[in-house]
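Chains as they are written, first to last, in UniProt numbering: chain B, 1 to 655; chain Y, 1 to 655.
Since the hints were derived computationally from the structure, they do not count as laboratory data.
Quick caveat, the model's predicted, so the values are computed rather than measured.
Hints are not guaranteed to be accurate.
It does not matter which identical chain is meant; a pair holds if it fits inside one copy or across any two.
Calculated cross-link-like contacts (lysine to any residue; reagent style SDA-like; alpha-carbon spacing at most 25 Å) [claimed, not checked]:
(1) 151 with 139
(2) 100 with 351
(3) 426 with 354
(4) 466 with 137
(5) 512 with 586
(6) 431 with 586
(7) 654 with 268
(8) 343 with 296
Number of protein chains: 2
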Amino acid sequence: MKCTCSIVAVAALLLNTVSAQTFRRLGACPTLGCVFPPDQADFLAGQYFDIRLEVHQPVNGSEVIGLPLDEKFTFTIAKKGAAAKPVTEYFKLREPKLEKWNFTWFEDLFARDAKKPSLVNVASKAYRRVALYEPGEYTATLTYNNGSTTKAEWVVRDLAEERKTKNIILFIGDGMTTNMITAARLIGHKSINGKYQSLMAMDKFPVLGHQMTHSIDSFITDSANSAAALNTGHKSTVNCLNVYADSSKDAFDDPKVETIAEMFHRLTGGHIGIVSTAYIADATPAALVAHTRNRGAYAAIVDQYLNGVQNYTWSNTPVDVIFGGGAEQFYSPKLGGVTYQDKDYYQEFAKKDYQIIQNRTSLQALDSSKKALGIFTVSNMAKWLDRNVYRDNLNQSLSPAGDKKAALDQPGLKDMTLKAIDILEKRSGDKGWLLMSEAASIDKMMHVLDYDRALGELLELDDTIKATIAHLNSTNCLKETLILVTADHGHGFDVMGSVDTHYLAAQNVDRKKRDAIGTYEQSGLSQYANTGNLTYTDSNFPSNWDPRYTLFQGLMADPDRREDWTVRKDGPRVPATAANGTKDYYASPKDSENGILLNGTLPVENDQGVHSLTDVPVFAMGPCQELFGGVYSSIDIFYGMAECLGLARGTPPKQ
Amino acid sequence: MKCTCSIVAVAALLLNTVSAQTFRRLGACPTLGCVFPPDQADFLAGQYFDIRLEVHQPVNGSEVIGLPLDEKFTFTIAKKGAAAKPVTEYFKLREPKLEKWNFTWFEDLFARDAKKPSLVNVASKAYRRVALYEPGEYTATLTYNNGSTTKAEWVVRDLAEERKTKNIILFIGDGMTTNMITAARLIGHKSINGKYQSLMAMDKFPVLGHQMTHSIDSFITDSANSAAALNTGHKSTVNCLNVYADSSKDAFDDPKVETIAEMFHRLTGGHIGIVSTAYIADATPAALVAHTRNRGAYAAIVDQYLNGVQNYTWSNTPVDVIFGGGAEQFYSPKLGGVTYQDKDYYQEFAKKDYQIIQNRTSLQALDSSKKALGIFTVSNMAKWLDRNVYRDNLNQSLSPAGDKKAALDQPGLKDMTLKAIDILEKRSGDKGWLLMSEAASIDKMMHVLDYDRALGELLELDDTIKATIAHLNSTNCLKETLILVTADHGHGFDVMGSVDTHYLAAQNVDRKKRDAIGTYEQSGLSQYANTGNLTYTDSNFPSNWDPRYTLFQGLMADPDRREDWTVRKDGPRVPATAANGTKDYYASPKDSENGILLNGTLPVENDQGVHSLTDVPVFAMGPCQELFGGVYSSIDIFYGMAECLGLARGTPPKQ
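Turn these sequences into a full structure, and let the hints steer you where they fit.
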């Protein structure tokens, strides 16, 4: 593998991740013989994947068995009822070369404190880009260490190949839970005597489901891991994008799995669009086509959007539309950019016939018949609340050109999504399209306990969904488009009552301030939707973000912080700070100075909240909507979309 | 009204409630002229309800207008497109006598601190037990104070009268949220590489919905209020059971609304059953047939089960099966009971041909052809965890006989529910039945932050659902029974990771203890389902309740408390205590002594957590299941059940 600067940095990052891994040697491998894809994996018929085998020889720690490293392990595959065949015979492959490395891990927190890592030597092989076509059950068997076996039971699901939808739009509210939707409805929609006078667009979807978001090897997921499950139908490990995590240091050699976007393009020529309010190399947008064990390899991910996975035989899936933030992975390192191989990625995309735009005005003027890259800011895009209410907060040096000016003319999620649909519709013709549109900062603002901004982002997502339905209806595309709205994980958020912020501010003692909290009948009614006179071109946002009685809301896992439950008018919240150079976070003295001081429960190196376990909602409308009702695993979203697009293949493609 | 001791106490309680009401004069009445049912009320055609009118004359405070109390107000009703008629003419009623009273309230917390209540004089009339039969829109108009008007827009929903189900079973997980179901699944069901090897019974229901639980006049509900919405199709006020809250002191004169159970029995002769793990006079069971503004009127509620509403013309709906706790409202005051009119309610029920039982053994021996009252303990029933794992905790003086012995032989929710079904099935014949079965202590244990017990109760509910489906299937009743599973409100609960309890206990400083928390990839896997060797006759409960790595779980609104995230082996948790005679709660020095000290956010008079806003899930299976998908108001559960039972009536019943 040809390593560049940024990739080397990435590998070092990964090494840290593995070293700090408590509780287990390697996530989906409890034994000393590892098979990836592991036991219990499901596959879509015809979906490409890599196989990675590892045999572990623990050198110290609790797992030492005193055998030398086994370099002669064997691997077979058997379809149920048929004889097992060596993997090379089964897939008609040549035997790859043996790889060897080692890694360390800590068995628990005591071992970490004592700085006593356990060392493991590894012998490994990888088989690249294979596929199973025949639906049914398979047993993959790794034999190692003089007859030990690790068996993986695989299922190739039996799905119809018939296509039922032309297009799919997948809306992701990153970190969005049912609890947050309930809160957003309360502040954005008027209610009279308990009857809402208007509802969220999501509320009107005909089919509701819940998806379980847990990882393959931990019950709390991150956005990379969960997005990979939605996009590939395979659960994976935190920080992984469309790969299973092996134990090697290289963040790009982990066994890959083909995504829905890649299959859709490869098999039908369908067109792909990616829209996000995050920096565009962030995990959720990256999961459409990128493959790496390290979601933090931003520069390489941007390159993968353009050029596909650089090493190991794999497909390159063109993306018609890419709209979002993260300009620092595009403009030249001379301007401070951090790009793949130090190239200017605005130029790289332009060379491949992308229209390059950097503001809302240009977005609206785009030629819908051509590919488009729209990067509207450094880092994450501005929040709805700052773009629409507290506009002074836009005055920061975040211009996407890298010229340190302010990015004042940023589009919202609605602008980006509607334009992306126009381009995809025009360019795809009869082939159809798949668009992922992400409200990324629901999550980002929940992380920093900025509940108001998070709910503003959620209401913007809902407004985007409403506008999308109207737009598809106006172009007669609604009936041939499956619309899904879901999340990738939750945050432990809820609303428990109201706060009389005037009363809280007027008290001098924390225990007295707490009397400002009104629960049950004293929670009263929402003043966000029923007082104030803010109006927007968009409907169903609060008419008052700063009422006297605010929501008594919060997260369940926090750093130390102060709470006064008022909107942050100066921009996104910074709840906790640490002395320079330390990671010992305390409540920020500058955040809600007049609030109640609360000690956190998270380890003190955390300056923000974390994700949570809860199942997240799925709203479905359009062709195949019935596939998305009830309760299921996150991977079933992939299988539902694949079934609706008719992507299963019972036989290999003709050469 | 004939007042007894207990009723007088109740009225005093209510007075307190009104006096302490911050933020509003009277919930669903923002103007000085009040109409109940208020604006935006929906009705089932033929559903009985009372009308209450009030005209308010504020004597002091911000609302004084200087007019004398108007005793000559008028009230008309008009169907859309038709002329308005005086209410007496519309319903062919005689004019009731004018009532007068006054009440006080505090306009905000500053007024409360300053002890400056606002006084309001009231003139009022009530029209009892009327019904609207013709579907459509109505305008009810109160004219008062020289021409001021309060208009109430009412809708009588247009539902089919055709019956589609023979039976309905409504399972209520009190306080149960999607977040809790996710956590219960994690501890009760094994998972291999991210794939669950078994699922919750709820997970397998074909239709999923979300219901909004807010009150008519506050966005956080209690269990009385929300149960009233589910049972009547009318949103109401905290503490109300199947009435709208008026401002009078009498807790039994508030305007009533007919419940689904009452209509089902009145119109079709269907049979009713009530099962709960709470004391049986608690809000959720009471909401089947009781009517009062004060859910705390326990003794009167028990009397209502037997004799109906004592005053004001109303129906008396017989209940075939009543199983639960709360023996103190049954046994004689000589034994310490607190009963209605000091009677022995075991005797009262026996006089009306109920079989009276007090333990699990007798439950199983019941004659299914006769009515049954089963009261198995004083107060709430023992928790699943104490009945099955920590059985020593049953040794308390809670015998249902009132003899201060222990209640050792208590049935579980499953025992009670299956027996109730047998009795209802046998007694109802072709007429069908409606059973409400409540897992009450999900809520009660969440209130005291006893997460393990709460999840145990949730798993017991799920086990009951599973057994119910199997039982109905075995008797060929499954196809003619609509099964609904839902909650009445949430608690802000979630799981954010795991806790290394050994490491936590080994540290001396709180900030270091926090390092025991593992988030994301360090959350690891559930040890509850995958370690330990506990087994039960019931399946799918944890095999280990006390693993080294526990759930990092919690609520978002708490009193001061300590957390060590371990199971409470000595019985339900008491997180906060106050010095005798005070209501100034601090973390209990006896609860998790070795845990992290956390300050709460709730007013310091709270010793436990509170309810939350989140929409709660609805799982539906059976006839009409399709009515319960998507997102809707809690009242739509009533309309769905009513439609499925064909209870709408376009014309008055024949005299």
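*Failing hints, ascending?*
Failing hints, ascending: 2, 4 and 6.
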